[in-house]
Structures are given as C-alpha cells and as structure tokens.
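Residue numbers (my numbering), protein chains in the order written: chain A, 1 to 169; chain B, 170 to 642; chain C, 643 to 905; chain D, 906 to 1364.
Keep in mind that the hints were calculated from the coordinates and are not lab data. Just so you know, these numbers come straight off a predicted model, no measurement behind them. Where is the CB? At the ideal position from N, CA and C, for every residue including glycine. Some hints here could point you the wrong way.
Said to hold, decoys possible - Derived, one-sided and incomplete: chain A residues facing chain C with beta-carbon distance under 8 Å:
id: 1; residue: 4
id: 2; residue: 81
id: 3; residue: 83
id: 4; residue: 86
id: 5; residue: 89
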Amino acid sequence: MAKRPILGLFKDANAAADAGDALKSSGVSDRDIDFLTDAPYPEGAFGEREEKHRLYLFPFIGATLGLSAAILLTSMTQLAYPLVTGGKPILALPAMAVVSYEGTMLGAILFTCLGVIFESRLPKLKSGLYDTRITEGYIGVLASVEDGDLDQTTGILNQAGAVDVKTEG
Amino acid sequence: MSSHSESHYPHDMWVFPDAQSTTQDVARKTASTPGILKLGLAIAGVLAILGVVGFVLRMTSDGFSDYGAWGYYAAIFSYIFVITSSAPLVAVAFRLTKSHWRRPISRISELFALVGVVNVILYIPLIYLLPPINNPNFVPGMHGELQIRKTIWMEVPFGAPHLWDFLGIISLAVLSLIILWVSVVPDLAEARSSANGWRSKLYTLLAGHWYGTKKQWIHQKISLALLGALYFMMVVFVHFLIVSDFAMSLIPGWKDSILPPLYTVTGFQSALSIILIIAFTMRKWGGYEKYFGTSVFWSASKIQIGLTLLWTYHLFAFFITLWYGRMELEQNILRYLMFESYSWIFWLNVIFIFLIPFWILVWNPVRKTAWGPALAGIFILVGNLLFQIRIFVGAFNAGDIYHLGLFRVPPPVFPDVWDVFIVLGGIGLVAFIYLIGTRILPALSVWEVKEGAMYQKMGTLYRGEYLVLAKPE
Amino acid sequence: MVSNRIDHKWGMVVDIDKCTGCQACVIACQAENNIPLNTKDTFLQKRVNEWIRIERYWEGEYPNVKARYIPVLCQHCDNAPCEPVCPMYATYHNDQGLNVQVYNRCVGTRYCINNCPYQVRFFNYWHPGWPERLENQLNPDVTVRSRGITEKCTFCVQRLRRAELKVERQSGSRLNDEALEKGNYAPACVHACPTSALTFGDQHDDGAKIRSYFDDVNAHNIHHEHERETRGYRLMEEVNTRPNVIYLKKVDQYPLGKGDGHV
Amino acid sequence: MQEGRVLPAEQVNRDLLRSILETPKWFWPVVGILGLIVLIAAIIIGYMINRGLGITGLNRPIFWGFFITNFVFWIGISHAGVMLSAILRLAKAEWRRPATRAAEVLTIFSLMTAMIMPIIHTGRPWRILYWAFPYDFARGIWPNVRTPLIWDPSAILTYLTSSTLFVLIALIPDFAVLRDRTTGISHRIYGLLAMGWEGNARQWKLQIIAGVLLSALILPVFVSVHSIVSWDFGMAVAAKSWHSTIFAPYFVVGAVHSGVSAVAFVLILLRWMYGWQDYIRHEHIDGLGRLLVVVATGWFYFFVMEVIFGIYGREADEIAVRSLQFIQEPFQAWTIIFIVTTYFIPVALWLTRRARRNLWIMSLACISVNVGMWLERYLIIVPGLANRTAFTFSWNSYVPSAYEAIIVGATFAFVSMLLLLFSRVFPLIPLYDIKEGDILKNESVKIGRRVVPAVFRED
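Just chain A, with the same shape it has in the complex (with noise of 0.2 Å):
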C-alpha cells in the first residue's frame, strides 16, 4: 500500500514538535517526519531525526582533481615550449606553485558546491506537499504515511494544534 503524503501548519514551533511527538508515538517512523521551515532551527530542535551527510568528502576530492590539472597544465605548457625566459628554468616550480595552488582551491570550491546541491537533493523536480505560508513563519509537519491513516494523522495534527492540514488532491 502506498504511502501518502499529508503536511500540517503550525504557527508555534512548540506545537509543531508536539505534534511530531505525538506522530511519533503514534507510530510513524520519523523517518516519515520531516519539518519544514522558513529558518534553520537549531538542529534537534523538533527532537528530528539526525541527518547523515558526505559532504566532507567533496572539498578534497576536488582539491586532488584541481590540483593534479593545475600541475598538469602548467607543466606541461612549459615543457611543450621550452623558451628560456630571464635564465629561469625551464619548469620553473614556484611559479607552477601558484597556479597550482589556485586550481587547488577552485576544485575544492566547485566540488564543496556540487556536493551542497547534491547532498541537499537539489534540484527537486517534482515539488512534493507544500504551502507557501511556510516562508512567512509557520512551520510545516510534513508525514507520509499510509492511506488509511491519514485521518488519524489528520487528527493528530488538528489535535496538536494545526492551523491548516492539506493532503494531496
């Protein structure tokens, strides 16, 4: 059985943890759960799961790529024309270290964006439940959970406190 999505509003960040509570005590895995704000919360502050991220990865991937191209490229521009310029060497390396420095950290940079994006599931194509009321303030309890119990869930909510409840269609 499908599950379906089922989001209520909330004025008061108390009432909203409240109803998460009582969603949870009523059996809804709170990987169901999810609050959606206008503002970050601290973390934990609707005692919400804990999110695991990779994101650390990245920056050091991009560092190795950018600095393994930035190396690449400077070498090898020198070692393909080798014009003798002011009796400096021909792979002259601290000039290659600034270069190679700045490719290091353009990839780290590019990479840590990506993985922001990527890590946060953006883009989202198909726009799940969502009230535009969020970005003003209230706080959205969005579940999912299975057909038969959405007016249970619904009920919950309105219990809770809810100022509006909204299902699909």
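Fit chains B, C and D to the given chain A structure using the hints.
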C-alpha cells in the same frame, strides 16, 4: 571544518562548573605539589644548571670578543624571548575579543610574565656580543666596505641598538608583570584568608587592597583592556627591534621587510602551542578536567591552524620575491638560509611548523580533542626552535658584516656540546621558573571562570538542549 | 634547431672613450628598423622611441664641465628581467643569446618595459606614420609595428639572418668579424659609428675582436672588478642581468678635481 | 551586542523584499544617471581602443598609471566580502548577519570592475583572450605561467567563481521565499532558481554547513588574490621600491581595510535607501568600526615596515624613490593626505563609541579611508616608476589625461549601478540569516537584577 561536523548532543557542550567549589579547589591544587610536578621541577633544575655550566664554559673558551661562537646562545635567547613575550597576548587578545573559551587558559598565559625576567638576564651578554653599527676599522675607499652597517637605526642614535633593545625587553617584562598582577589580584584576595603560611602573607601583600567593590572591578577591567592593547603594540615593536638588530643586520645586504611579521607570527604560534600543552597537562594530570572543556582546545586550534597557514604564507612571500629577481645577493641569501647551508634545518622547520600541525589540525574531530592541539603544539615548538637556529646562528656566522652584501655562501655552523647545554639550559630555566610560579600563584584564573559561569548555561529550545551564551554590552 | 646551423652568441662592445655623442647610430637605427619618427610633440609627450639612445651627462660645475656620453641599447641580458614577466612569451631568449621580441604575440601589458633596468624597451602609443615622401625608405625586412605593442633593439636580427643565409648556408664558411664587416651584416649602428666606438661580434668565435673583453669581464665578476685587465664593465652589474653588451671605461686624460663630479 | 527586537517572519519578508516587490520612485532615475556615466566611459574606452593609448597621460617611464591604480583599488574593495562573511561566520559573530550578503555582492561586482581595468590598459585589448585563458591556438603557444600576469587571472577568476557560488548557494532559501511571494514569469524564474527548496531539516543543515565550509575554503583564496596582485609589483627588480618582500601581507591588510570600510558605507546607504533601520542597526556599524580600528592599526604596522625597510639599505636609487614620495612636489602633499585620511582621521573617529554610532561620521570615515587607500596605490605605482633606474636620463613624472580620470570615475558609477540592479532582483540582506538570528536570540540570561541578552549556541 565546521561546528556542525557531527551530531550535537548536550555532552558535546560544556558549561563552567559552579562558582562555589572553584576557589577552594584551585587553592588546594596550588598548595599541593604532586609527584609528577616535583619530577618536572627536578629535571628543569638540572637542565638549568647544565645551561649555566655551558654558558660559563663558552665564556671562558671563547669570550665575548668573537660573537660568532654565540650563535646558538642568540638562537635560544630569541626562542625564549619570542615565546614568553607573546604568551601573555593569548590572554590579552581574547579578553579584548570577549571570547568565553579563553577564560580557563588566560592565567596560564599571563603567568609567563614571570619568565620575562629570564629574557632580561639572557639579554645582558648579547649587549657585549652585538658588534657596533659603525665599522670600527673603516678605511675610506676600501672596496665593498660600509662605514655604517645596514640597520634600522638610520643616524645611529646614542646607545643604539644595544640599549634601546634592552629597554624594550625590560619594559615588556615590567608591563606583563603589571598585567599579571592586575589580573591575579581578585583571586589572591579570595584565597588570602583560606591560604596559610607564607602564601597568605604574600597574598595579603599583593591583594590586601581588594574587596571586590563595583568600582574596583570596573577599574580592573578597564586597566586590563588598556594595558593589554599597550602590551600588544609593545610586543610587536620589540620583536621588530630584536629580529632586525640580531638577525637581519648581521647578514650583509639582507633587506627583508617581511622578517619582523614572520618572526611575530612564529611567536604567536608557539605561544599558543605552549599554552595548549600546559592546559593539556593540567587537564590530564593536574586534576583540572572540569575547568578545561574541549571547547577551549577546539576554538584555540582554529586560531592555531590560521596562524600556521599565515606563517607559511609569509615564508612564501619572502621566498618568491627573492627567487624571482636574479640578484646575486638575494640568491645567496636564499642559498644560505634555505637551500644550501641550512637546507635540512630549513626543510625540517617547514615540516614541523607547517605540514605536520596542519595535517593534524585540519581534522575537526581532532581539533575537538585535547591531545590533538597539544600534539600539534609540540611539533610547532620544535619547528620554531629550528627556525631560530636557522636565522640567528646563520646571522651570527655570516662573515664580514660590514661588507656590501653576502657574495659568498658561508658554511653552516653545528652546535658543539656547550651549545647543546646552553639550549637545553635555557629551556630548563624557563620551565623551572614557570613551575615555581604555578606553585605561588593560582594557575587558573578563578574570577574569569566564575564570570564565565554566570554568562553561560544550558538552555532548552523546543526539543533540543543547547548552550546559552550571554554577551554583556 | 636547424641541424647544419653554426651556433653563435652575439655580443657588442661599446667603447665610451671613443663615443663623441654624434647620434649617427641613433639615426642609422631609426632608418634601418622603421622606427616611427620622433617628432617634436612625441618629445613633448615624453614618448620617444630610440632603440639606441645617447645619454648625455654633464660632469663638473660650469665653467669647467665635461659632457659624458653613453650609448644605451638593449643589453640582451642572459638573465633578462623583462622576459619572464610576459604572459604571452612575446619576449624570450633565443639560442643565439638574443633577447627577441615577437611583435604579433605582444598584447602590450608593458610589464616588460617596467621590468627593464636599462629602459630600452619602447611602447607604440600611437599608430606609426611616415610622411608620404618617406614611405619608400621603409626597410622591407623589418615589420612596421602597429600601435599598442612593445618594441626594442634586435641587434638588427634581419641582417644576421641574411648573413646566415648568404655566408653560412651558401658559402658554408663561418660568419666571423670580417664576414660581418664585408657584407655589412653587423647592426646598423655599428656600421654607422664614425669613430667605430661600437664593435659587434660572435662570442663563440675565437677570432672575434670582442672576445677578449667578454672573456675578461666574465672571468672577473663585479666583486673582482679591480682585477680586470681590460677597461670592460657591464651596466648595473649588481642586478646580475648578465648583459651581452660590454662597455669600455673612459680614459680621462685631464680628470676634473674630485668632489665636483657627479653621475 | 544584541539590540533590536525580534520581528515576525512576515514583517521580515515584507521589509527585506521591499526593494524587489515594489520599486521606490527614485530607483530608475538614479540607475539612469549612473548608466549614462557608464555609457560615456564606454564611449571613451572605445575611442581609446580605436586611437591607441596615446590619449592617456602615460609616457616613458611611467607605463602604468590610473588604470592599474584603479585595478588594485577595486581588487582591494573586493576583499571586504570574504573578510566579513567568512571570518565573522567562522567567529560566529552575531552582528555579521545583515552585513554578509551585501559584502559578498560588493566583492563580486568590484572584482568584475577590477578585471576591466587591466584589459583596457593593454595596447591590444582585442587580443586579451590569448592572455587570460590558457589555450593553444592562433599563436601556437600557451601563456607563460612564470609571470605574475598569469597568476593574476588564475587567482582572480578563482576568487570570482568561488564568491559567486558562495552567494548563489546562500541565495537558494531566499529564492524560495521570493518564489512564494511572486506570480507569473518572475515566479517561474525564482522557482527555477530555488530548485524546489522546501526548507526541510536536511536542507537547512547543509545550508549552514555550506556557509561555514565555503568560508573556510574561500579565506585562503582571498588572501592569495591580493598577494598575487601585489606580486605584480613585488617581482619587478627594475622598480626599486616595488621589489619588497612585505608587499603581499601589506596589500592584503590594506585591501581589508578599504574593503570593510566600503562595506560599512554601503550598509549605511542601504539602511537609508530602503529604510532597513530594524536590520542594519547601530550595533552592526559599531561592530564594523571596532573591527576597523584593529585592521587599520595592523595596516599601519605593515606600512611602517615597508617604509623603514625601504630606506633600510640606504641605497641611492631607493632613497631617490622615497624622497620622491615623501619630500618632493607634488607627491609629498599626496602622501600626507594619504596617511592622514587612511589612518589618523578614521581611527581617531572610530575610537569613540559615540562616533561609531553616528552614521554620518561613520560614512565620512569610511569614505576618507577609501580616498586614502586609492592614493596609497597611486603613490606606490607612479613614483616607483617615475625614477626607477640609475639612468636619471629618462626620469619623468605623470599627469593623467581627462579620459583616464573619467573612466576611473565611471567605475564607481558602474559598481553602484550593478549593486542597485542586484538589489532590484535579489534580496541584499539574507532573510533566513536574520530569521535564524531572531530564533536564537529569544532567550536571555538573568544575573541578579540584570537581564543580559543571550544567544543559543549549537556547540
């Protein structure tokens, strides 16, 4: 990298212990001397005696006429000076920025004021060692000889540089002692009644006037801020004097405007390192666990990694500028200090002061431990010693200092046994005095910890429990 | 490079003692290398292009003054500071010891000019133009540089190339002093100098006139200047650019009293 | 430093999106005027490219003049962005919140402006692509990586890319807000930009981490950029006063000095233009003032070092340059103005709390800093070239032509125009950051009778 690296549970966070117990606890710890401390004192004392022996032998064998033999002495002086003069800055700087994490370590850093005396003593022989700025045997028209050595003292004023540098060092010592006194008074006042024997006499003498009235507190805060700012500028200035007079101007033709900042950064780095090491030891063996949360090490090591990068940055700026121009003089200086004579010391220096600490501290989980920063600190201290040897021994043996420039690459100078004695002795002397200091004065700034305890607590926001941090004004 | 090529290291010796400051070299260079005319208002704009210039300094106080002349041209340094700073490789050091300028690579960042201690690099602020009657005297072997690029003395590389073709490729003999002299292959300034203060030659050629001077100056660097047998010296030796142009000191028969001289 | 009251989210949206959702009546006229100035400058640039650099005041030996000065100046301004948002983010300074994005955007635009300068100052700008982008065609050769002029583009492009991404990542949640507030085509565009952001816990967590992580990554870049710009001069052996080892940190600190003052000024302007009194409060400007006292003093230290070690060697040609800077007409007058306006006037003002809290005085101080810093670059570049060799024969001075002056002036108009246009379409104050601040703020510690404002910390 970030504060959010892993999950946040209350036990990650840390609030200061309750105010009441602190005073007695710290007083007790100050009064008692555990075995490990006795051992430390013994070792330090032996080393210090070794140092004196080494010094005397060096003096009798070489005398003060030939300053070249004293390179290692200058190096260890500069090592001690740059660290101990920078150490009080840790307290000063983070007091100015009102960071809470500094509270437990600020006394550790201020206590280094007691070592300022060592700087003054160690400097006195250098007065005789440093050759005069005016070329004594100058013959007009002599090829490539200068009448006045290149120095920061343009028109060589009276007593330059010996006297002025000396005054600088003395004023640093005095200023830091004043800061220490101003900051330690409230703790002594609290302890003066409970302490017994000579301690209570001493404490009453030092802090008899203190009753913790509002007025006194305000005055104390203001004077700490002002003295701190003054001390900061003083330190940077005296670093500039010392490194340019005792290193740069002794290498003919070496004109390197980035050396003073580099020197200062090295000082900050090592000061923070030694403080973190001491904090680690107090936490591990001194029974101060509950005062040193990991957040101290965590925040400090962020600063530390910044300083480490800064050091390397300054070094590279120096290197690339000299490398790019093809001037013989500059090439020779690079060869001498970096790539030929002192090459292996140089590479070790870079590894110890940059590579290893960087790779230790780049990991956030390690930064959150107590041992990580302390370990990095040890490496940094070794690296700094190598740096001082490279620069000062190099400078003291660079040949004819009145010559136009360094047109040949002198060989490196390796330490003989007396030099080793002197180096160890200097470190031992500092350690000895510092340890004695921790027996006399409380090694934890009680009033600051208490103040901190007022300003932070655990608080609940909806379902999560977090640290609540209050920032007055 | 090309297999049957005889390798050279060109060099020049400038005898200050012979220089009379007559500016003939300047004009010769102007004519040979299609240098835009230095009109009155280019002078007023301080944008003169003189690949070789005669610097004139007064020594002593009036009335007992002496004029000192020193011809300054591109020193073709082996450690040329101008070369590494060009982002386009528009200037580099070729295998004949020449500091060459590749006009169509140049974008005119003017960094090389700033980095030249001798100030012998020039920038075309305006598009070069010649009065109609002078169009015909332009040298077909030399590019006319457009505006916005840097130019400098080339040791008349066009003549050297022709010499290599005529002498070395065709007759196969080495391009030595008399060959240069006979075929009029040395740089224009050298041939134009009435007192033959300028001598041009190949440092790798044992028979070359300039050879002894280069050997001497290379043997004793600036710190052993006083040990040199010849009068040779290089401009601003302390910068260590190792020029391929050597100057010979002036022999002053009636030196001014000490103290009232400058330069 | 936690003044100001907690505002409901609706009001935050309403206030901060005002600049986007409704257009103030002064907006288009101002943009029009600025655009006109930029247009004039563009025409002059075209004329210059057509006629050649002869129309500037450049000559021998002063081959770099106003354009390069302006280039360095704008690069300097661009350092404010990362300085503020990164360092303050890492230091968790609460008062950073409204300042960050304005600073970052200023970074981006001033970088763009700066990059125009070296391009138009070259002799043949139409060939510039071969320079900036390393690829191999048309002249059968790649760029020469040994020159600072290649390090420059690599650093600047890295910095530009990263700071742009930095801003864009931080904009995603605000795009979502705009998506929900707009209709029609703009709704679709903002929706596209928001990438389906719905603000769940995971997205927020990563958003916050991204802020800190990117700050930590951009800081090293930002230091490198101005160092490399300084090495354009530091690598030159021929210009005696340029070949100094301290240039890199000296330039960086100077850049931060001018940049942060510029940001403070921009913030004051925004507060005045859009009536954001509740967001850009005196405490923020005050904080910037305190920060600037430290930065300025650090800069002064490096300045003194640079000068002392300039004359340290007592070498004739070095002394010649210094005397040109400090003693001879006309530069010595400019030098005095530069030192006074960069350090003494502003710091004297910033030292008192009342001055720091007075917006008029603050703006004056910030402007004076930037005047001074512009002069600083001018006084490094031009006298350094004016007599850089032992050959006194070709010593010379420099007077910029009117064209140069107009182009330089127009760059300021250009940056302000871009900022205005940006504020028309994107929020210049990060909404979610403000809201977060409000959430974390509403808890205070009571000590005896006094209630001390406090914030929640997650660590």
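Status of each hint after checking the structure:
The interface hint given for residue 4 of chain A is violated, since its Cβ lies 62 Å from the closest Cβ of chain C, which is over the 8 Å cut-off. Annotation: residue 81 of chain A was flagged as interfacial toward chain C, and the flag holds, the nearest CB pair being 7 Å apart, inside 8 Å. The beta carbon of residue 83 of chain A comes within 4 Å of a beta carbon in chain C, closer than 8 Å, and the hint placing it at the interface holds. Given hint, residue 86 of chain A at the interface with chain C, holds; its Cβ is 4 Å from that chain's nearest Cβ, closer than 8 Å.
Because the beta carbon of residue 89 of chain A sits about 11 Å from the nearest beta carbon in chain C, more than 8 Å, this interface hint is broken.
Against the hints set out earlier in the document, violations occur for numbers 1, 5.
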